[in-house]
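A.B. asks: Chain C is already provided as a structure; the job is to place chain F on it using the hints.
Chains C and F, in that order, give the protein sequences. Residue 6 is where the first sequence starts when you use my numbering, and the numbers rise one by one after that. Residue 776 is where the second sequence starts when you use my numbering, and the numbers rise one by one after that.
Calculated pairs, DSS-like style, for lysine-lysine (alpha carbon to alpha carbon, straight line, at most 30 angstroms):
id, chain 1, residue 1, chain 2, residue 2
1, F, 797, F, 832
2, F, 797, C, 62
3, F, 833, F, 846
4, F, 843, C, 62
5, F, 846, C, 62
6, F, 843, F, 832
7, C, 76, C, 62
8, F, 817, F, 833
9, C, 16, C, 62
10, C, 16, F, 817
11, F, 846, F, 832
12, F, 843, F, 833
13, C, 19, F, 817
14, F, 843, F, 797
15, F, 797, F, 846
16, C, 62, F, 817
17, C, 76, C, 16
18, F, 797, F, 817
19, C, 19, C, 62
20, F, 797, F, 833
21, C, 76, F, 817
Because the hints were derived from the structure by calculation, they are not lab data. Only a predicted model underlies this, so the values are computations on that prediction, with no experimental measurement involved.
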Amino acid sequence: DTGVSQNPRHKITKRGQNVTFRCDPISEHNRLYWYRQTLGQGPEFLTYFQNEAQLEKSRLLSDRFSAERPKGSFSTLEIQRTEQGDSAMYLCASSLGQDIQYFGAGTRLSVL
Amino acid sequence: GENVEQHPSTLSVQEGDSAVIKCTYSDSASNYFPWYKQELGKRPQLIIDIRSNVGEKKDQRIAVTLNKTAKHFSLHITETQPEDSAVYFCAASRSNYGQNFVFGPGTRLSVLP
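So here's chain F without its partners, still in its complex pose:
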């Protein structure tokens, strides 16, 4: 089955700097890769996603890149703000087979003022 690894487990950056979180997956059939942000005590919320037919997607300060050959994808947050502090989870799924997500273990991002 699919296995998703995520690094780093914790990340501290100064406000205004960039943050990068990397995930690798094992199932070459996976074709949908969402990123969720979870603040303490709250529900996971989708912040960006990418499908396997594109290599990069951007939404304001957030971007995701996908390398299908190497089976890894990354989340990039630019101009970080204190409200970006949260746990970020990547996930992988095969959208034509149930689409249950396999999540990574999460990255705790702290943006220091």
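Pulled out of the complex, with its shape left as it was, chain C reads as follows:
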């Protein structure tokens, strides 16, 4: 599968724990995006990278959230001190420049 890959697919954690998700974009895509999707809603933008530079962050991205893309390839999204309100599907997308965004299958986070 040469599409956007996300791991893990599901994550169950206890409140207060830290979690980290990984996204591998389509090869040679220079832009990578993170979105959050809750049940019955459209994806909400969190942050985006062009190569290794994080160029934009949403107000939704509190200081407990951090994202990195150290070598301009894969990216990680870490949530510290998880809260029940963090339960959602976290989607990653990638694009080549200003072209179409291709989405991964997401990581479903459940905070107990």
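C.D. replies: Quick look at chain F alone, frame taken from chain C:
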């Protein structure tokens, strides 16, 4: 910031009929409008998109129209089939500024056999 509204939230049609989903946006600087289809438990997949320099685009049974003056755009699906059943999301973005999408809340389309 941009705000995208989408109607209806649910839509049921008989197989073979047409379906229309409408979205409005608030930021007149938005210039790229994609539509994504998301089946249960699967990733959003682009089905059609339109840029602000055209008013209509068609791809087989799917078409999108854009009215920049009124700031609304619509998805039209003709000759619907059961496999068209899914949640459809519209989005708007400013392609010369990051291109992060602002999505509508989605429309759940059910095509009844």
